[in-house]
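2 protein chains.
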Amino acid sequence: MIEPRTLKGFRDHLPAQALARERVLEIARRVYRSYGFAPIDTPALEYLEILTGKGSDETDKQLYRFKDHGGRDVGLRFDLTVPFARFAAQHVHDLGLPFKRYHMAAVWRGENTQRGRYREFMQCDFDTIGTTSPVADLEMVLVVHGLLAAIGIERFTIRVNDRRVLGGILGRLGLAERSTAVLRSLDKLGKATPEAVAAELSAHGVEAGAVAALLEMAGLSGPPADVLARLETLVGDSEQGRAGVAALTAIVAGARDAGVPDGRVVIDPSIARGLDYYTGVVLESFLDDLPTLGSICSGGRYDNLAGLYTKQPLPGVGASLGIDRLLAGLEELGQASTVETPAEVFLVHFDERHLADYLRIAAALREAGMGVEFFPEAKKVGQQLKLAAKRGFPAALVIGSDEFAAGTAQFKNLATQQSATIDWHGDLHVLADAVHSQLEAMRHT
Amino acid sequence: MIEPRTLKGFRDHLPAQALARERVLEIARRVYRSYGFAPIDTPALEYLEILTGKGSDETDKQLYRFKDHGGRDVGLRFDLTVPFARFAAQHVHDLGLPFKRYHMAAVWRGENTQRGRYREFMQCDFDTIGTTSPVADLEMVLVVHGLLAAIGIERFTIRVNDRRVLGGILGRLGLAERSTAVLRSLDKLGKATPEAVAAELSAHGVEAGAVAALLEMAGLSGPPADVLARLETLVGDSEQGRAGVAALTAIVAGARDAGVPDGRVVIDPSIARGLDYYTGVVLESFLDDLPTLGSICSGGRYDNLAGLYTKQPLPGVGASLGIDRLLAGLEELGQASTVETPAEVFLVHFDERHLADYLRIAAALREAGMGVEFFPEAKKVGQQLKLAAKRGFPAALVIGSDEFAAGTAQFKNLATQQSATIDWHGDLHVLADAVHSQLEAMRHT
Chain A
-3 MIEPRTLKGF
7 RDHLPAQALA
17 RERVLEIARR
27 VYRSYGFAPI
37 DTPALEYLEI
47 LTGKGSDETD
57 KQLYRFKDHG
67 GRDVGLRFDL
77 TVPFARFAAQ
87 HVHDLGLPFK
97 RYHMAAVWRG
107 ENTQRGRYRE
117 FMQCDFDTIG
127 TTSPVADLEM
137 VLVVHGLLAA
147 IGIERFTIRV
157 NDRRVLGGIL
167 GRLGLAERST
177 AVLRSLDKLG
187 KATPEAVAAE
197 LSAHGVEAGA
207 VAALLEMAGL
217 SGPPADVLAR
227 LETLVGDSEQ
237 GRAGVAALTA
247 IVAGARDAGV
257 PDGRVVIDPS
267 IARGLDYYTG
277 VVLESFLDDL
287 PTLGSICSGG
297 RYDNLAGLYT
307 KQPLPGVGAS
317 LGIDRLLAGL
327 EELGQASTVE
337 TPAEVFLVHF
347 DERHLADYLR
357 IAAALREAGM
367 GVEFFPEAKK
377 VGQQLKLAAK
387 RGFPAALVIG
397 SDEFAAGTAQ
407 FKNLATQQSA
417 TIDWHGDLHV
427 LADAVHSQLE
437 AMRHT
Chain B
-3 MIEPRTLKGF
7 RDHLPAQALA
17 RERVLEIARR
27 VYRSYGFAPI
37 DTPALEYLEI
47 LTGKGSDETD
57 KQLYRFKDHG
67 GRDVGLRFDL
77 TVPFARFAAQ
87 HVHDLGLPFK
97 RYHMAAVWRG
107 ENTQRGRYRE
117 FMQCDFDTIG
127 TTSPVADLEM
137 VLVVHGLLAA
147 IGIERFTIRV
157 NDRRVLGGIL
167 GRLGLAERST
177 AVLRSLDKLG
187 KATPEAVAAE
197 LSAHGVEAGA
207 VAALLEMAGL
217 SGPPADVLAR
227 LETLVGDSEQ
237 GRAGVAALTA
247 IVAGARDAGV
257 PDGRVVIDPS
267 IARGLDYYTG
277 VVLESFLDDL
287 PTLGSICSGG
297 RYDNLAGLYT
307 KQPLPGVGAS
317 LGIDRLLAGL
327 EELGQASTVE
337 TPAEVFLVHF
347 DERHLADYLR
357 IAAALREAGM
367 GVEFFPEAKK
377 VGQQLKLAAK
387 RGFPAALVIG
397 SDEFAAGTAQ
407 FKNLATQQSA
417 TIDWHGDLHV
427 LADAVHSQLE
437 AMRHT
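Residue numbers (our numbering), protein chains in the order written: chain A, -3 to 441; chain B, -3 to 441.
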């Protein structure tokens, strides 16, 4: 006998988790599509040189790599950005520009499994490439907002910054050449105290006045207009800095024009998002009730996606939903569903002599748009209802010989255990309508 | 510069293909769910011993296998059945029985890439385990029918048989011990002539009378009632054979009760589907207009899913949609969509001074359920419309300064190039309703 087990760092998704994930994926698909992003897919396996070309030493170390049957060096993708860069370089002439794509798929990293990290997880990316238009930057913010709102999260904040604001301020302070070290120190804010970060900056030789300016910048908060006014002063006449402030101003105005409620999008000058890749607008998103979870949806603008694979410059902007982190957060907040079935109605198999009737009833309910699980065996009703309740069916339909003779049915609310009698006189349409109404009524109480 | 390319036997999905696949996956998800099948997911990587335990020599040879960072022998799954067996054995106590699951995911086989085969492809499986009820067998037929009908295929046939009918007839003919060789010969019907198969059977030492009976059985066709009557004679008093005929009779009756049109489900005694795994009802499905494509959805009943991993017997029944084969078939029949966008409306970026208006319009249309791509740059209108037509948008909305002043909009049907003027008087709801009506009217012509 072989022991049934999953590899360390890997996990199965049982129905409750798989349903929760499918729900979010469906919403992401709908929102991405509503802005004209089209799906693509790429292979899980790529030539190793494609994957190692772009990654950092860290991702190289985490790569699942091996030789395939033809002796080729291959690897499993560790993100969706590198495959998209390869894809864009390969197909740009067929695709046309600008090109908007989404890609929702698994990625693999052989990383340390401490801290609840998994070696297989999903990413849900969307990007617009082939344009430097600020409209594409704004659209990223609108999509992230639309996505989190559609998932049903009530309290969340999208934090936006522009790398050029940071660049402009660093330039003005004479720190342009030390920007990597400075940003790395500033990135510790939130985890470390401002005093500790100030000490680290001083240790890097940053003067006291500059330290104060940097900490003021990183600590700015409040209404976007106030933060922008203060940033305008801090960037002074730096052309780069002024471009960044203008971009953020346009995003705040555009989000309002597109109907985003005030307070959902804030300017947060402490956000840097990596040190090299992003060149313009950057964005992170947080659950207000669980800020320690970290960003659940992050992205930004970059100058060139696919420089390793093509000479054609492909500027773009995009973000990625961290679906596994989000689902873990919803679980921690007690907002995760534990329902194990996608169907609404559990049709009890009461009397096998009525099999043909049950089949007709199930077909009529499905025809009317309801999901129906018909129990395959005429087991004891109590046993059937127990399983239905365990699985989280909202309702069960019980129709035995007496009910068939009388033209009735028992509609059972499995949460409250209350029953209602439906008179359907043998008319399947009447029955389907009545069950539908009962389910609607349950949803509204 | 690194050459952007995919591995031999692997392929990218560009938007038109990815959209076609997502459409079928969405339909499969909806149909599976409507019968109460719940989603699950398992890791792409498994311990090698899990994968090699069950597979044949052929699948063992095709396995992508390697040592992971911890020195474990691992492999990429080559189907969804073996992972499901491992999953069921591991989680059966949490799941409860009977358990109905679907699983739609990629699998990998390092096989010969001739004949248009790919080394990465998707499977869409559904199974009911933990019951021997004939209702579950019938439900498999209903799900396959519902699935193919919902995909929009008008002409297809589901061919059903029962392994026990074959077993009963072989027993009666005294061939029970040679059943593997006989079934392997019979399996060649369709590719080889009946004469060639008869010669092969004779060479195996099957007597002339038995050869005639076997070929008669395998060649039976026509209305299910006629085929069943003939099979009843052929199985004689074989208990096993009579059980098989009874099961097929119940499926034909049940499919009719559940509303499946006559002719969609036929009894085809030539279908055997592998030699060892299946033990009861077996099923294959074919496009009537492209029978040479082979079965696009196949399955059957088995006695024990997970005998390698648990002592608990897990009988079940299920089928798998060959989505890549189906999509290839639809393409061959000229029924594949070439549309590259999921959105209906292309909103032309005519005049950047009206950016705020465009944002409001796009938001209003999305709010009303339409997908809208707003072009990010105020390029020449002709250039924008050309890209929109290339991508297959049904319609474009053109609103310039004159239109804004007059409270009008040009709705352009990109297939016919005809334009209609919409009077919306600056009222976003009026505009959204009018665009929706225009799109509806286009769908109905």
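Among the clues, some could well be false.
No copy labels: a pair is met if it fits in one copy or bridges any two.
Subject to a maximum C-alpha distance of 27 Å in a straight line, what follows is the list of computed DSSO-like cross-link-like pairs (lysine-lysine) [to be verified]:
1. 375 x 386
2. 307 x 375
3. 376 x 307
4. 307 x 4
5. 382 x 307
6. 307 x 386
7. 376 x 386
8. 4 x 63
9. 4 x 57
10. 187 x 376
11. 184 x 63
12. 184 x 57
13. 4 x 375
14. 375 x 184
15. 382 x 187
16. 184 x 376
Keep in mind that the hints were calculated from the coordinates and are not lab data.
Verification of the hints:
{"no.": "1", "hint": "375 x 386", "result": "within (16 Å within a copy, 58 Å between copies)"}
{"no.": "2", "hint": "307 x 375", "result": "between (68 Å within a copy, 24 Å between copies)"}
{"no.": "3", "hint": "376 x 307", "result": "between (70 Å within a copy, 26 Å between copies)"}
{"no.": "4", "hint": "307 x 4", "result": "between (41 Å within a copy, 24 Å between copies)"}
{"no.": "5", "hint": "382 x 307", "result": "between (64 Å within a copy, 25 Å between copies)"}
{"no.": "6", "hint": "307 x 386", "result": "between (58 Å within a copy, 25 Å between copies)"}
{"no.": "7", "hint": "376 x 386", "result": "within (16 Å within a copy, 60 Å between copies)"}
{"no.": "8", "hint": "4 x 63", "result": "both (22 Å within a copy, 13 Å between copies)"}
{"no.": "9", "hint": "4 x 57", "result": "both (17 Å within a copy, 25 Å between copies)"}
{"no.": "10", "hint": "187 x 376", "result": "neither (58 Å within a copy, 49 Å between copies)"}
{"no.": "11", "hint": "184 x 63", "result": "neither (40 Å within a copy, 37 Å between copies)"}
{"no.": "12", "hint": "184 x 57", "result": "within (24 Å within a copy, 50 Å between copies)"}
{"no.": "13", "hint": "4 x 375", "result": "neither (40 Å within a copy, 53 Å between copies)"}
{"no.": "14", "hint": "375 x 184", "result": "neither (61 Å within a copy, 43 Å between copies)"}
{"no.": "15", "hint": "382 x 187", "result": "neither (48 Å within a copy, 51 Å between copies)"}
{"no.": "16", "hint": "184 x 376", "result": "neither (61 Å within a copy, 46 Å between copies)"}
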